[in-house]
Structures are given as C-alpha cells and as structure tokens.
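Trainee: Sequences are here, hints too, so could you generate the full structure?
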Amino acid sequence: MKVSNRVGLFSMCFAMSFPVVAEETLRIATVSNPDMERMQKLSPHFTKANPDIKLDWVVLDENSLRQKVTTDIATKSGQFDIVTIGAYETPLWAKQGWLVDLKGMPAEYDAQDIFPAVRESLSYEGGLYAAPFYAESSFTMYRSDLFDSVELVMPEQPSWDFIESAAAKISAKHTDVNGICLRGKVGWGENMALIMSMANSYGARLFDMEWQPELTGDAWGKTINDYTRLLQKYGPEQPEQQGFKELLNLFKDGKCAIWIDATVAASAITDPATSSVADKVAFASAPDAGLGKKSNWLWSWALGVSNASEKQEAAKRFVQWATSKEYIELVATSEGWSNVPPGTRQSLYQNQDYLAAAPFAELTLSAILSAEPNSPAVQEVPYKGIQFADIPEFTGIGTAIGSQVARALKGDISVSEAQENAQWVTSEVMSHAHFIGNK
Amino acid sequence: MNNQNQSVAEMDDEQLPVAPHRLHGARHFLGLYAAEHVAATEFVIGAAFVALGATIYDILIGLMIGNTLAVMSFWLITSPIAVKTRLSLYTYIDKHMGEKFSRFYNGANVAIFTAISAAMITVSATAVRALFDIPPQTYPYPTSLYFAIVAFAVGTIVVVVAYKGFNVVSDFASICAPWLMLMFTAGGMVLIPALNESLTGYTSLNSFSDFISLAGATVFTGVNAEGQPGIGIWEVIGFAWAANTFAHFGLVDMALLRYAKKTRYGLATATGMMFGHYVAWISAALMGAATAALMKTSIAIVEPGDVAWYALGATGFVIVIVAGWTTANSNLYRAGLAAQAVFPEVSRTQVTLLVGIAVVAGSCFPYVYRNILPLLTYAGLILVPIGGIVFAEQQIFPRIGYKANWFQLKGIKDNTPALVTWAISLVFGFTLNAINIIPFFYLFLPTWFVSIAVYTILAKKHGAADSYPEAEKRLAEHEKEVESYHAQLAKEEAVVVKEKDTSLLTKAIRATWIVIGIVIPAILAWRVLFNSPDLFTYYENREMFYDLAIWCTVIYFVFAWWDLQRSKKLG
Chain A
1 MKVSNRVGLF SMCFAMSFPV VAEETLRIAT VSNPDMERMQ KLSPHFTKAN
51 PDIKLDWVVL DENSLRQKVT TDIATKSGQF DIVTIGAYET PLWAKQGWLV
101 DLKGMPAEYD AQDIFPAVRE SLSYEGGLYA APFYAESSFT MYRSDLFDSV
151 ELVMPEQPSW DFIESAAAKI SAKHTDVNGI CLRGKVGWGE NMALIMSMAN
201 SYGARLFDME WQPELTGDAW GKTINDYTRL LQKYGPEQPE QQGFKELLNL
251 FKDGKCAIWI DATVAASAIT DPATSSVADK VAFASAPDAG LGKKSNWLWS
301 WALGVSNASE KQEAAKRFVQ WATSKEYIEL VATSEGWSNV PPGTRQSLYQ
351 NQDYLAAAPF AELTLSAILS AEPNSPAVQE VPYKGIQFAD IPEFTGIGTA
401 IGSQVARALK GDISVSEAQE NAQWVTSEVM SHAHFIGNK
Chain B
1 MNNQNQSVAE MDDEQLPVAP HRLHGARHFL GLYAAEHVAA TEFVIGAAFV
51 ALGATIYDIL IGLMIGNTLA VMSFWLITSP IAVKTRLSLY TYIDKHMGEK
101 FSRFYNGANV AIFTAISAAM ITVSATAVRA LFDIPPQTYP YPTSLYFAIV
151 AFAVGTIVVV VAYKGFNVVS DFASICAPWL MLMFTAGGMV LIPALNESLT
201 GYTSLNSFSD FISLAGATVF TGVNAEGQPG IGIWEVIGFA WAANTFAHFG
251 LVDMALLRYA KKTRYGLATA TGMMFGHYVA WISAALMGAA TAALMKTSIA
301 IVEPGDVAWY ALGATGFVIV IVAGWTTANS NLYRAGLAAQ AVFPEVSRTQ
351 VTLLVGIAVV AGSCFPYVYR NILPLLTYAG LILVPIGGIV FAEQQIFPRI
401 GYKANWFQLK GIKDNTPALV TWAISLVFGF TLNAINIIPF FYLFLPTWFV
451 SIAVYTILAK KHGAADSYPE AEKRLAEHEK EVESYHAQLA KEEAVVVKEK
501 DTSLLTKAIR ATWIVIGIVI PAILAWRVLF NSPDLFTYYE NREMFYDLAI
551 WCTVIYFVFA WWDLQRSKKL G
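Which chain is which? The protein sequence lines are A and B, in order. Quick note: the first sequence uses this note's numbering, first residue 1, plus one each step. Quick note: the second sequence uses this note's numbering, first residue 1, plus one each step.
None of these hints come from the bench; they were simulated from the model. All values derive from a computational prediction rather than experimental measurement. Yeah, the Cβ is synthetic: ideal placement off N, Cα and C, and Gly gets one too. One or more hints might be untrue.
Stated by the list, open to error - Here are the simulated BS3-like pairs of lysine-lysine, each with C-alpha atoms no more than 30 Å apart in a straight line:
hint	chain 1	residue 1	chain 2	residue 2
1	A	K103	A	K54
2	B	K460	A	K95
3	A	K76	B	K296
4	A	K325	A	K252
5	A	K103	A	K169
6	A	K41	A	K245
7	A	K95	A	K48
8	A	K384	B	K296
9	B	K460	B	K473
To be verified - Pair by pair, the computed Cβ-Cβ distance ranges are:
hint	chain 1	residue 1	chain 2	residue 2	range
10	B	G227	A	K95	58 to 68 Å
11	A	E210	B	L354	39 to 49 Å
12	B	V554	A	S375	48 to 58 Å
13	B	F530	A	K233	50 to 60 Å
Mentor: Following this line, the structure appears as structure tokens:
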C-alpha cells in the first residue's frame, strides 16, 4: 500500500471512529519552530478528512507561548482547546486537573510505540495527558569545514574545555563566524535549559536533598563563569537576546561554528532548502566536564487538550492525527524523511528510509536514550528533570535565575553577584512554598 | 416645636436649617465622599466578596450596577430631602417625630455604631497581633488570651483618645483620604504579580484580559469558602446597594447633603461609591486572595493585619491601624452622642464610659468584624423605615394634599404613626428575612415601600390631611425669623473671610506631601506591577516599595498635618 493511500485510509478511520458533530473550530496554541509550522501547513489534510472541524492557529515564540498557555490553562479561561506543552508542565498540570486524559486512543495509534521515557515524562498516575509531537535531547552541532580549516577534530564526546578551545581557534581564524552559539535569551525554557544541563555536567545541582538551593556553590560559579566567558569572547553579538529560533537562523546562515542545542534543530540545519551550510554540518554528543554526566537534556513538545475546552472530543481527534505514525508518513511524503518530527516513536528509528535521510538520527536517539531525568546531576537530588525541576515553583525560579545569568552575561553584574541574587530569590520562593523554613 | 418659642439666635445651629451662605459646591462633596468611603471596612468587605464566592464578572458588573444604584439613591432620594429641609436626620426626627421616636432611633444608632466601632478596633488589633506574632484568630471568639489583651489594649486607647481628643483624631482622619486611596490601590498592585506567580509561575500580565482571567481563577472564583457555588450578580448588586442603605434610603447622609447647593450634588457620592466601593473593594479582595495564597490559608480567615502587611509591608501596619482607628473614632463619637440622647439624665462621662466598655468588649470578638457586611445590611434594614417615613412626609404628602410638618403643626408629644410604622416595618422586614423568600440585602426595598404606605395611611388618621392655619402662620413667622437671622449671619461671617493662602511655604508644604507622600509611592507601586518581568525583579521592586513607602507615609502625615494646621490658622 502506498504511503498516501495509508494516510487517506487512516484519516478516514479517524473520521469514522468519532460521532458526527456540528462544525467546531479548534483553537490551537503552538510554538513557532519549523516542525510546528510544518504541522500547521499540513493541517488541511486533517480538516479535509474531518470537515466538521476547523482550525484556528495561534503561533508564538517559546517564552510567549509558555506564559500565554500557562495563564490560559491555569485560569481555566478556555481560550485554547489544544496547547503545545512539554515534559515539565504535563504532569504538574495533569495533577491540577487542567488537562484531559488522552485515554481511549485507537489501536492504530500504537501508544506503545512511543519511547517509554518520553511517554513517562508526559504521564501522570499512568495516564497520558499530552501526546508527544516530537522529542529532543541536546547535542553538539558544528561546522566540519571550519574544524578542518583549523585542523581540529571533534571528539565523539567533547568536553567543555575542548569546546572553548575550539571556539577560540575558529574565532581567531574566521572573524565573520561566531566561535560558539549558546542560548542566552532569558526564560526557563531558553537560557536556563542550557545552563541547567551544563551545570549538571559541572557537578552542580539546584537543590540539595533538603531542598536548600545551592546556587552559590563552586560548581554553579564555574558553570556560569564558563558560560558567560564563552559567549562574551566567542559568541554572537547581544548573546542575551539569542534564543533557539534566533540561533537556528544564525547557524543556517553560516554564522555559528559550534552550537550546542536541541537535537530537533538537526533536520533544519541539514536541509539544503533552508540552510546555507547543510552539507557542512556534523554532530557530536553534548559536552561534559569529566564528571560522568553529559549536558544533554530530555524534552518533548507535546499536544494536550485543555480541560476548559468545550470541544474535547474534536481536540483529541486532532491530537491523535498530529502525533500519529501516519502524520510522520505524511511529512515524509510531502517534505522528505529528514523533516519528520523526531524522537517520539521507536518505529521511526527502525525505518531505513529515515535513517538514510537523517544523518543525525542515531546520535539523536543515543542522546534521548542516555538522558537521565530521574538522576540528572552528579550528586543525588530531590527532584526529577534535567533542564528543569519538576516542582510548580520552577517556572518562577527558572526565569529569575535565567534573568540573573543574562545580567551577568551582559556585564551588568558579576557572576558572583548573579549567584548571590539567584540564591536569594530561590530561597525566598522555597521558603514561601514551605519547602524550607517557614515564611 | 419646642424651639419655636426660643429666640432663633439662641438656638443651636444644628436645630436650624443650614444657612444659604454656608452651602458648598460640588467639589466639596466630591472630596468628602471620596474620603468618607475609604475606610477599614473596605478591607473586610473586599475579602467578604471573595469568601462569598462571587465570580469576577459578577463583581465587575454587579458592583458597578449596585454602586450606580447607590449613587442614584443618594441623588434621587437623600439629596432632594436634604436640600429641601436643610436639616440633619437627627434634627428632623427631633422636630417631626417626637421625643420617644428620637430615643428609639438613637438607641438603634448606639447599637449599630458601637458594633461598627468594635469591628474597626478589631481590625486595628489584627495588625498589632501580627506584630507580636500572636496566632491568627480564626474563630468567632478570641482563642488567644494575648489577642484578647491586644484587642482590649487597642480598644481602650481608641476609646480614651476618642473621649479626650476626638477632634485631633478627627482632624487626622481628614488628611488620611488621599493616602488611604493610594495605599488601597497600591496594595492590590503590589500583590498582583505574586498572585499571578503563585498560579502561573509568571510575574507579569500581558493584557487586561489576563488580569480578568487571573482574578477569575484566584480571587473571584465563583466558589465560596465552603467550596459551594457562590453568590451571583443579583447578590453582588444587592450587597453593593445595601451596604449604605442607612446612608441613602435611611437618610443618615442628610447630615452631609443638607449643605449641598443643588440636589444634583448627590451625584458626587459617585467618588465614594466608585472608588471606595469599587476600586478599593476589588483591590482589598485581590490583596486578601494573594495573602491567603501566600500564607496557604483560606481567605475566609485571613486577617486585615496580615493582608496589609503582605501587601504594603510596614506601611500596611500603619494603614490598618490608621484606617481602623479613624473609622472607629467617628463611629464612637456617633455612638456616644446617640447614647447621650437616649440617657439624657446620665452624665456624659458615664455614658461614654458605658459605650466604651461595650466597644472594647465587642472588639475582642472577631465575629463582629468578619460579619461587617451583613451587619451594615441589617443596620440599613433597621433604619430604612425611618427614611421611608421622612420620604413619605417630604415627597408624598405635599403631592396628595397632606401636611409634611403635620406633627409640628398639631403640636403633639409623640408621632405615634411614625413609631407604629417603624415597628410594623421592622416586623415586616425581619419576618421576610425569617421566611427567607428574598435575599436579605434586598429586604430594605419592600420594607421601605411598606413604611411609606403604612405611614401615609396612619398619618392621615392622625391628622396629616387636616388644616392647622394658626400653627402654619406661627411656623411661617419662625421661618422668616430664621431667614433674617441667616442673612445677618451671612454679613457677619463675610467679614471674617480671609484671603486664600498662596504663600510659597504653603505651596512647598503641599507639594511635599503630594509628591513624596502620594506620587512617589504610586510610581513605586506602578513599577512593582508593570516592571517586574521575573521574581527577582519583583522581590527587588517590592522591597523597594516596602522600604520607601513607610518613609513616604511618615513624610506625608507630617506635611499634610502641617498643611492642615496652617490652613486652619490662615485660611
């Protein structure tokens, strides 16, 4: 059976498996990145097969999306029927009763095909509350041509020291290229995703086992010092304004020699249609600091249905379609295998067409599988999550710490001052939340 | 009647209509009402709406409608009677209802104003309680001996000061209004980011609709303190309208509006209703809900002292003490005056002492202040029939050929129809309440109509429709005497009018309290709300607000007091 026929049949199955209802418009909030924008582009396939459903898209950058969606869901405003959320929010929001349990997926959806770690990260008390659209870890993306030009070879497992020396060498020789690109834009899902992961590899942790913040510790000091020095010396201009999307564009334009970021970026930077350096990109693991922990995170962007939605059945129908195997096949048919949403389904990594088209696939898989959200730091921690801590207070804490690091990056305050400030604000929050002491 | 034989010049000014030259313009009433309705009660009422489970839309729309109805009541009911008679209700009753009625009326006032005073002292005591780390009082009665001691001590001080230095506290209260208005608003502004953060993890709001969503999810949730569906828009409208029934339908505010040059100045009450009973109630509710969220407790039991402390830091301590004290002071005064009228044979000291003891004892019971909203509503219900009786005399009787002042003309001792009407109306109102067929905050409406109807019927039977030519002639002569006395008074008082104080020092004093006491704290509060993109910045901005607002407060009171004393001396 041809792929297109299977897609058509699958869409029909979806359409037939739900009762016919009056026309409904689903409001979908999603993040502005190539994979999500592709979903929007391909969504007429869904509406054609489901003529009773119309789609209204709200596409926002990561920070705006997170705040808007959080406000909408937490206040039960019901502006959005479907929200794009991640591994941090899903279990917390499910616990609050803000999301619909996605039970009752049809057999052809094959929920067991989803990587267990990804499925677990989007579950609460055994129920799946958001369906993964794509999953990612982080790794090192670099320009092989620039490495060759300075006679450097990227090791399979680079260290942060090596990354710095490579960035220095390349910057010295290629003044029109930034030696390194790292997220600097403030946000718990922006700069803090990288900084938390990096800190883990440096032996730092956010809290000790008594929930006391450890942000003034030496390991955090070294992390933030190295991070700010790397970006101040070899990074792009105004590094505190560079988030995932900005850095993706910089890399595609040939302005980054090394970029340590989400594995999902790989398809975009190796796509000759959009990237000027598509044939000059290579990959390596996320760096470590010699302490046995790599700085790779685990994340998935997933689609959840708001409990405040009055169109939950229609919304579930769309979520099933967008996160199904058949959607992956639809993308493969229309956009090529290298552009399919990665990281969620085991079957994708057994698909030879995909493996052949995506040179980053195996390393992505290895990064996802090696991420340890249950044991993120060198030392024991009381929380789960690599680039976040799975407590509701992390949103506020993460943004506040990220803001202090960004100030240090700009040179407005010293690193030690940023650490002191971060420690103070985190202690305040944890005290108010009765994790420590009693305020 | 009894005063007619007395020389007009010898009569107490209170017994005479307001002289035309002493009337005020609209500006006076705009300021007066803005000040009058920002008090410690607002802290409690704001939180009460949250505990009663109103939704955000019910609050925004319901309060707007209810307060508009209150303004219209002032404009269309109170103001025309006040302007027509130029008397306070106290004097009106004295002249038109007789001694017995006056005693009952004053007796009711003793009970009402004693309860309000006690409630306001408890509000102040909650701030002192927080300062001494005494546990919050979550029951209707005191559960800590230390709290009882604190309430007793605060109450005693307030009562003694009210007795010894009422005028000083009263003067002090007159300068509080701008500061209270600012701090009520600032408190809400300062805690909104914390409230938002406690729910979403973010400190900033992107739009007004975000604010509505936040307030709907955290403050006005539609669920009451018992977890049941809360009150709806009709109840909110009713509460807002009924909260001041004793002042508008009950005509107590004739005392203020008798000075209005024009009837339409009743509309000036909008400053009090739309700020104190709208912005301040909503702000107090936001503060209460945020404090409850931060303290991880129920808003039904969170105390004004905690609320103000969390919202305003040390300034919060001051606002609760000041707002509670100044409100208690004026109500103590009213309770004392009323008590003296009830017991004219007992010395003023003894009466004041008795009222003081009752107030202090009541202040030990948190039940009183927690039930201030129903208390005000029931107080309104008790006094509304009197408003109905006066309304009938002044607005109905002239239209149906009855004599509005029939009681004066007839020259009898007691106005029996008024007494019976009040009794019937109370029985009617409280029976309706007992059988629970309409919400208690709307009871005042049928009760008011019943009082008008009953009084119209009874008054006719007692001679309201009769003719009293002799007495009318005497009364007309008395009115002429009053007019000529007022004309003479106007000439005398015109001589002592001084030039407006435009000195540089006065301007500098005024600029200091306006800029440092009002503008700077407003800017600081603005920064907390609109320039706190993350928690660190929020805490930093909030700490700066806390640290500076208290000094701005000190400077405000020093310079506003100085300004007041200079204007008294020079103006």
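Trainee: Run the distance test for K384 (chain A) versus K296 (chain B): straight-line Cα separation, threshold 30 Å.
Mentor: holds (25 Å)
Trainee: Can the restraint linking K325 (chain A) and K252 (chain A) be considered satisfied, given a maximum Cα separation of 30 Å?
Mentor: holds (28 Å)
Trainee: Does the structure keep K460 (chain B) and K473 (chain B) at a Cα separation of 30 Å or less?
Mentor: It holds: about 21 Å lies between the C-alpha atoms, which stays within 30 Å.
Trainee: Cβ-Cβ distance between G227 (chain B) and K95 (chain A): within 58 to 68 Å?
Mentor: Since the Cβ atoms of G227 (chain B) and K95 (chain A) sit about 19 Å apart, the hinted range of 58 to 68 Å is violated.
Trainee: Hint says 39 to 49 Å; check whether the CB-CB distance for E210 (chain A) and L354 (chain B) agrees.
Mentor: Violated, since E210 (chain A) and L354 (chain B) (Cβ atoms, about 58 Å apart) do not stay within the stated range.
Trainee: Does the structure keep K103 (chain A) and K54 (chain A) at a Cα separation of 30 Å or less?
Mentor: holds (23 Å)
Trainee: Given the hinted pair K41 (chain A) and K245 (chain A), is their alpha-carbon gap at most 30 Å?
Mentor: Holds: K41 (chain A) and K245 (chain A) sit about 18 Å apart, inside 30 Å.
Trainee: Hinted pair, alpha-carbon criterion (30 Å max): K460 (chain B), K95 (chain A). Please report holds or violated.
Mentor: The hint is violated at about 70 Å.
Trainee: K76 (chain A) and K296 (chain B) were given as a pair; does the straight-line alpha-carbon distance stay at or below 30 Å?
Mentor: Distance ~21 Å between K76 (chain A) and K296 (chain B) Cα, so the pair holds.
Trainee: Starting from the range 50 to 60 Å, see whether the pair F530 (chain B) and K233 (chain A) falls in it by beta-carbon distance.
Mentor: Because 36 Å falls outside the window, the suggested range is violated.
Trainee: Looking only at beta-carbon atoms, does the pair V554 (chain B), S375 (chain A) fall within the given range of 48 to 58 Å?
Mentor: holds (55 Å)
Trainee: Under the criterion that the straight-line Cα-Cα distance not exceed 30 Å, is the pair K95 (chain A), K48 (chain A) satisfied?
Mentor: Violated: K95 (chain A) and K48 (chain A) sit about 35 Å apart, past 30 Å.
Taken one by one, the earlier hints fail for this structure at numbers 2, 5, 7, 10, 11 and 13, listed in ascending order.
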